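Hey, can you work out the whole structure from these sequences and the hints?
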Amino acid sequence: MSTISLHDTHHDDHGHGHHHETFLTKYVFSQDHKMIAKQFLITGIIMAVIAMLLSILFRIQLAWPDKTFPLLETFLGKWAEGGRIKPDFFLALVTIHGTIMVFFVLTAGLSGTFSNLLIPLQIGARDMASPFMNMLSYWFFLVACIIMMSSFFVQTGPASGGWTIYPPLSAVPKAMPGSGLGMTLWLVSMVIFVASSLIGSLNYVSTILNMRTKGMDLWKMPLTIWALFLTAILGILSFPVLVSGVVLLIFDRSFGTSFYLSDIVFGTEILPNEGGSPILWQHLFWFLGHPEVYIVIMPALGISSEIISVNSRKPIFGYHAMVYSLIGITVLSFIVWGHHMFVTGMNPLLGGVFMITTLIIAVPSAVKTFNYLATLWRGNIRFTPAMLFAIGLVSFFISGGLTGIFLGNASLDINLHDTYFVVAHFHLVMGSAAIFGMLAGVYHWFPKMFGRMMNPKLAYLHFWLTFICAYLVFFPLHFLGLDGVPRRYYAFTEFEFMNKWLTVNVFVTWSAIIAALAQVAFLFNFFYSIFRGKKATQNPWEANTLEWTTPVEHLHGNWPGEIPAVYRWPYDYSKPGADQDFILQTTPFSETMSSNLPHDFEGNEEAERIQKEWEAANKPVQE
Amino acid sequence: MSLRKLIVNKTMAALAVLFTVFSSANAFAQEAAAAATAKPVDMGQIHKSAAFYVLLFLLLCLFIAIIGKALKVYELTRETQGKSEGINWNTVNAVLFALFLIVGLYGVYWEYTVHGEMILPEAASEHGKRIDEMFNLTLIITTIVFIVTHIVLFVFAYIYRSSDKRKAYYYPHNNTIEKIWTIVPALVLTLLVLKGFLTWRSIFYKAEDANNRPINIEVVSSQFLWDIRYPGPDAIVGKRNYKLTTAINGLGIDFNDKNSLDDLIADEIVLPVNKPVRFTLASKDVIHSFYMPHFRVQLNTVPGMVSYFEFTPTITTEEMRTKTNDPKFNYILLCAKICGTNHFNMQKNVRVVSEAEYKEWLAAQTPYLTNDLRKAFNLPVPVEAAPAATETAPAADTTATVAGVKLDVKNQIALKK
Numbered sequence: 001m002s003t004i005s006l007h008d009t010h011h012d013d014h015g016h017g018h019h020h021e022t023f024l025t026k027y028v029f030s031q032d033h034k035m036i037a038k039q040f041l042i043t044g045i046i047m048a049v050i051a052m053l054l055s056i057l058f059r060i061q062l063a064w065p066d067k068t069f070p071l072l073e074t075f076l077g078k079w080a081e082g083g084r085i086k087p088d089f090f091l092a093l094v095t096i097h098g099t100i101m102v103f104f105v106l107t108a109g110l111s112g113t114f115s116n117l118l119i120p121l122q123i124g125a126r127d128m129a130s131p132f133m134n135m136l137s138y139w140f141f142l143v144a145c146i147i148m149m150s151s152f153f154v155q156t157g158p159a160s161g162g163w164t165i166y167p168p169l170s171a172v173p174k175a176m177p178g179s180g181l182g183m184t185l186w187l188v189s190m191v192i193f194v195a196s197s198l199i200g201s202l203n204y205v206s207t208i209l210n211m212r213t214k215g216m217d218l219w220k221m222p223l224t225i226w227a228l229f230l231t232a233i234l235g236i237l238s239f240p241v242l243v244s245g246v247v248l249l250i251f252d253r254s255f256g257t258s259f260y261l262s263d264i265v266f267g268t269e270i271l272p273n274e275g276g277s278p279i280l281w282q283h284l285f286w287f288l289g290h291p292e293v294y295i296v297i298m299p300a301l302g303i304s305s306e307i308i309s310v311n312s313r314k315p316i317f318g319y320h321a322m323v324y325s326l327i328g329i330t331v332l333s334f335i336v337w338g339h340h341m342f343v344t345g346m347n348p349l350l351g352g353v354f355m356i357t358t359l360i361i362a363v364p365s366a367v368k369t370f371n372y373l374a375t376l377w378r379g380n381i382r383f384t385p386a387m388l389f390a391i392g393l394v395s396f397f398i399s400g401g402l403t404g405i406f407l408g409n410a411s412l413d414i415n416l417h418d419t420y421f422v423v424a425h426f427h428l429v430m431g432s433a434a435i436f437g438m439l440a441g442v443y444h445w446f447p448k449m450f451g452r453m454m455n456p457k458l459a460y461l462h463f464w465l466t467f468i469c470a471y472l473v474f475f476p477l478h479f480l481g482l483d484g485v486p487r488r489y490y491a492f493t494e495f496e497f498m499n500k501w502l503t504v505n506v507f508v509t510w511s512a513i514i515a516a517l518a519q520v521a522f523l524f525n526f527f528y529s530i531f532r533g534k535k536a537t538q539n540p541w542e543a544n545t546l547e548w549t550t551p552v553e554h555l556h557g558n559w560p561g562e563i564p565a566v567y568r569w570p571y572d573y574s575k576p577g578a579d580q581d582f583i584l585q586t587t588p589f590s591e592t593m594s595s596n597l598p599h600d601f602e603g604n605e606e607a608e609r610i611q612k613e614w615e616a617a618n619k620p621v622q623e
Numbered sequence: 001m002s003l004r005k006l007i008v009n010k011t012m013a014a015l016a017v018l019f020t021v022f023s024s025a026n027a028f029a030q031e032a033a034a035a036a037t038a039k040p041v042d043m044g045q046i047h048k049s050a051a052f053y054v055l056l057f058l059l060l061c062l063f064i065a066i067i068g069k070a071l072k073v074y075e076l077t078r079e080t081q082g083k084s085e086g087i088n089w090n091t092v093n094a095v096l097f098a099l100f101l102i103v104g105l106y107g108v109y110w111e112y113t114v115h116g117e118m119i120l121p122e123a124a125s126e127h128g129k130r131i132d133e134m135f136n137l138t139l140i141i142t143t144i145v146f147i148v149t150h151i152v153l154f155v156f157a158y159i160y161r162s163s164d165k166r167k168a169y170y171y172p173h174n175n176t177i178e179k180i181w182t183i184v185p186a187l188v189l190t191l192l193v194l195k196g197f198l199t200w201r202s203i204f205y206k207a208e209d210a211n212n213r214p215i216n217i218e219v220v221s222s223q224f225l226w227d228i229r230y231p232g233p234d235a236i237v238g239k240r241n242y243k244l245t246t247a248i249n250g251l252g253i254d255f256n257d258k259n260s261l262d263d264l265i266a267d268e269i270v271l272p273v274n275k276p277v278r279f280t281l282a283s284k285d286v287i288h289s290f291y292m293p294h295f296r297v298q299l300n301t302v303p304g305m306v307s308y309f310e311f312t313p314t315i316t317t318e319e320m321r322t323k324t325n326d327p328k329f330n331y332i333l334l335c336a337k338i339c340g341t342n343h344f345n346m347q348k349n350v351r352v353v354s355e356a357e358y359k360e361w362l363a364a365q366t367p368y369l370t371n372d373l374r375k376a377f378n379l380p381v382p383v384e385a386a387p388a389a390t391e392t393a394p395a396a397d398t399t400a401t402v403a404g405v406k407l408d409v410k411n412q413i414a415l416k417k
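If you're matching them up, the sequences are chains A and B in order.
Residue numbers for the first sequence follow my numbering, so the first one is 1 and each next one is one higher.
Residue numbers for the second sequence follow my numbering, so the first one is 1 and each next one is one higher.
I should point out that these hints are in silico values taken from the structure, not numbers from a laboratory.
Source: prediction; values computed, not measured.
Please note that the accuracy of each hint is not assured.
As the list claims (entries may be wrong) - What follows is a list of derived Cβ distance ranges for each label pair:
hint, chain 1, residue 1, chain 2, residue 2, range
1, B, TYR53, A, ILE146, 27 to 33 Å
2, A, ILE42, B, TYR53, 23 to 29 Å
3, B, PHE57, A, GLY215, 48 to 54 Å
4, B, LEU137, A, GLU606, 55 to 61 Å
5, A, LEU53, B, ILE140, 37 to 43 Å
Unchecked claim - In silico lysine to aspartate or glutamate, DMTMM-like type, Cα no more than 25 Å apart, as pairs:
hint, chain 1, residue 1, chain 2, residue 2
6, B, LYS323, A, GLU494
7, A, LYS214, A, GLU547
8, B, LYS239, A, GLU269
The C-beta atom is built at its ideal place from N, Cα and C for all residues, glycine as well.
Right, dumping it as structure tokens:
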């Protein structure tokens, strides 16, 4: 706790006017966690819009493979000559869509935004452990985004070997145009991105461990903080493995090594590389790649836990079980990566082992789902926009999670691997669910970020269109997969048996277009409300957590006076005997004698005695 | 109350307008597309239609804004009249969730019955039947969970919508319930894991049966084609060495290995029914995936690594045609791992036939080994009688095709495009 007091004095010094903020230090090179969170969020939103537009482009190609759209040529030039997207560019579109969504939107945009915003505010800290590193984390992220996007402006186009960039396809420039300069940029961007992610994660972990306010022990932290904490740990342990893999790939591409290459012949040209294995990349990639999907979903789960509890006006059901299942997911996620490789020709024994570990991970996920449902039970649910998205998340998490039971089963994966079934599965469980978690978070903490409210009615429109269209897009795709249609196919026209899915593709594309247009409602609402939204009150959702005790107007250091101390867990909603249906974490038990429960005192005999005395004294009043 | 009715009518009208807007947009899309194919250079027309769509969208936005304002005015008037808030959005959203549940359940039923009918026919292999069993079991369990949890989710959302009269029930935890819903999923998953594990083992660990040895077939993938090699009478496919790849020996077959000498080229995969086959899978350039969905067979082909998949086809193409009621039905081999530009068109025809037909077909296949290759490998070129001499001419021809197979196929791809 000594760090906190040190920190306090430090900031009190600043409070006395030594600190002059210029435009540059306030909005650009800001070291304030709240501003950095906004930077992450807005960059994430811009990247999400780009990735969404890319997906609409390839959806158009899939829906109308033999029609021409001359307008596309106007925008895309040689990549859509004659108004039709070329196969190479199609592959680039899917690759960059995946990369942006997974890394830039759902890792940086989601974790970056909410870790930065919520960690100091919810644990009661003035700022992050190292604000400067925090700033660096954002700037590395932005540079990574810019480098990734710059690959659209090189002659051979962006990387196009799929977001998993399996070598040799990605390692040998002549294997496809996208494996030229575009792939180099992808790799450079990824190294910088991982640096950003690591700097951020280290900061989050050290902040959570060292800078909690008085009374905020680990079991009093909101589930958002638990989720962000465990996510950061996952990132720290898994992202370096991706970097090592990427560096080896850079060596293979540019310096003639053979880590991933062996026995390769293009036409009659025999490559000199010997002794490597393409499977090695897959192991390194998925050792990150699988924890990565939990890096994506866990913050969303944490956010929705908080939002569901606040808006059901009920404590989250099974707080400890929620934390333990997050921990379980964290640990297990490191030993399941092989389920992405059942059909690579890896030793079948490994397939069996990875199948077991993979299906075990469904247990903590199931516990979380049931706990969400139990939280809703006998609640008093306020359908704020954030709550709608949180409920949407639960629905997607169920739908997408259940198909994971098929794919995690090695013997079923034989026929489902790399088909549209996989596409449908992960777009629901980590795509839509995580995006909904992110949107829920934006709607919920928008008042905290910008001091204003978003328009709820536009938000309802946004939610219902997106929710319905997401199901219309992804539900039918399962059946394409069950018919054996592989993913990343430029057109379904070359195979007789795929023709029957062409009409479905048209339907899916229209749904996707409507979903994309629905995002305009969000974007307008978001940017309009920043400047013109209704002014927010201090605690608009009547929530218990610490961030709502800070003033609406932002100030560097978060709390004007001393940092409040914490006395209770964050989920005392609708506690019997209390005056209000929420009790702030900062409210001591001495002020809520009528609602205290024996359980609250965690075995503190002194407190229990006082409570008993009070109850004895007040008994007649109650009768 | 009448005002509320008016609003409801308004929303209905709005929906109707929306509907017409979208349907007319559809019609316009078709017209525009038709115009585009007819006169691809007329950009003016296209810009006009693009501008039309943008305007249409802006109009829609305006429309939504008007509705939004109308709602606001309505709510403000309610407020000034001192009545409770105009529209109870909690109720609206709760009702929408309930509706979503009902329509959604019907949608799921529709999907299962309509799109569910369009999926792969029954497995055409022995192990495939076990996979399908496993699949059906998983499908039943997950569908039950899917339906029940969604009913619970949306019904709770509907029933427990906010009300001033009620207070939420303070219920932080219940260890018994939590234990139950940890243990029950764990047990169900154990069942699935066990069955899955046994299925998986039965697919990849096959006991060798001396009386029923599998037919060895080699499949080598390279960018956008599959090369098939059948063994000759010795039933063994000879070795490959990628370093021996030349223009006339595209696969790098090592003809110093005696087993290679009688290997046969095939331009389709033909399998005898009810006989085990063992595919040896390899790749020349990048990773591809050997995927035959009808047999529930998939394994990646990885350069520098050889992998195997053994299975027994059980239904001939002809039988499958009657079963699926599709006279044009064919088994197919396709590539399921992204491999480059023409990934979407990397296919090979597969036929399952009777044993007799298979033998007949196999006898008609030509060997890989040509006279040019014999010379290249310092093998004796057969000096036979005059007919053989005439055969050298076509043999040279076949040489051309060996290297040319690829060209042919590439041309075909080009033609198809």
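Numbered hints the structure breaks, given as an ascending list
Violated: none.
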